[in-house]
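Q: Sequence:
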Amino acid sequence: MTFLCGREGVMRFHRIQQYELIYAGGRWYRPQAYGDRQPDGTWDGWLIFFPIGGWSAIAPRGPETTQSTWALLVAWAADLTLAYLESALARALRLAQQPLLIDRLADAEYEALEDAERLERSAEVERTAADLDEAAASAARADAKRIRRQRLDTEGALAATEEAAAKREANVPAQAARDARAVAADAAPRRRSAHAKATPRTHTKRRGDKKYWSR
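Okay, so the sequence shown: first residue is 200 according to our numbering, each after it adds one.
Errors might be hidden in some of the hints.
[As the list claims (entries may be wrong)] Pair ranges (Cβ atoms, derived):
1) Tyr-283 to Arg-236: 18 to 28 Å
2) Asp-332 to Leu-281: 52 to 62 Å
3) Gly-253 to Ser-321: 17 to 27 Å
4) Ser-286 to Ser-321: 29 to 39 Å
5) Leu-294 to Arg-317: 28 to 38 Å
6) Ala-282 to Thr-327: 47 to 57 Å
7) Thr-280 to Ala-338: 35 to 45 Å
8) Asp-332 to Gly-224: 37 to 47 Å
9) Ala-339 to Ser-286: 43 to 53 Å
10) Ala-338 to Arg-226: 35 to 45 Å
11) Thr-268 to Ser-337: 51 to 61 Å
12) Thr-327 to Leu-294: 34 to 44 Å
13) Leu-292 to Arg-317: 18 to 28 Å
Source of the hints: derived by calculation from the structure; they are not laboratory data.
Heads up, the beta-carbon is just placed ideally off N, CA and C, and yes, glycines get one too.
Taking the hints into account, I'd like the entire structure generated from these sequences.
A: Printed below as a string of structure tokens:
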């Protein structure tokens, strides 16, 4: 991104790199590196810190470095450490001065920065929601597996109970038949004995016997 600023003539201010947020003095700052091409062809490297929430940006009094080419300036910006950025922010806070180039930064830079922050927050919310959805889906899958196991166990127990009942019912006719045969076998002798007792005995009269009657 290129910005135009300066009292006399035109200065081209090029953004090189954006860094992670830094917390200092009760605020969060977004560090960004910029390059300013000089008339002799060299490049000045600036560090500017944008407070999150709409406050004015701050920067050290002068450029952090001067490189002979744009490529070297980009390499310098890429190698900056968190400790260096924190030190530059501390210097900027102590000076509490805003170079003219910061005052002339276009409002579009702030709008773009705010948009970027909103997009990052939105993306973070979406990632959190996606994580929650995945956790809920995992829990639902686990519940489904547990319910399926319970259903299969219940079906197995019911099947075993029904099988045992069927076997018992199948054995009932066979047992009844055996009991009936035993009763019949016991009743036959008793019936013959009772019949024999109920039949009176007959006596045969022998020839030559005489029967006398007395009056």
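Q: Each hint should be assessed against the structure and marked as holding or not.
A: Evaluated hints:
1. Under the hint 18 to 28 Å, the C-beta atoms of Tyr-283 and Arg-236, about 23 Å apart, fit the expected range.
2. Taking the beta carbon of each, Asp-332 and Leu-281 are about 33 Å apart, not inside 52 to 62 Å as hinted.
3. Evaluation of the 17 to 27 Å hint for Gly-253 and Ser-321 yields a pass: the beta carbon distance comes to about 18 Å.
4. With their beta carbons about 32 Å apart, Ser-286 and Ser-321 fall inside the hinted range of 29 to 39 Å.
5. The hinted range of 28 to 38 Å is satisfied by Leu-294 and Arg-317, whose Cβ atoms lie roughly 30 Å apart.
6. For the hinted restraint 47 to 57 Å between Ala-282 and Thr-327, the CB-CB distance of approximately 30 Å leaves it violated.
7. Between Thr-280 and Ala-338 the C-beta distance comes to about 42 Å, which sits within the given range of 35 to 45 Å.
8. In this structure the supplied range 37 to 47 Å holds for Asp-332 paired with Gly-224, their Cβ-Cβ distance being about 38 Å.
9. The given range of 43 to 53 Å is respected by Ala-339 and Ser-286, whose C-beta atoms sit roughly 50 Å from each other.
10. Roughly 40 Å separates the CB atoms of Ala-338 and Arg-226, a value that falls within the hinted 35 to 45 Å.
11. Between Thr-268 and Ser-337, the C-beta spacing of about 53 Å keeps the proposed range 51 to 61 Å intact.
12. Between Thr-327 and Leu-294 the CB atoms are about 39 Å apart, so this pair conforms to the stated range of 34 to 44 Å.
13. Against the hinted window of 18 to 28 Å, the Cβ-Cβ separation of Leu-292 and Arg-317 comes to about 26 Å, which satisfies the hint.
The structure fails hints 2 and 6 (numbered hints given earlier, in ascending order).
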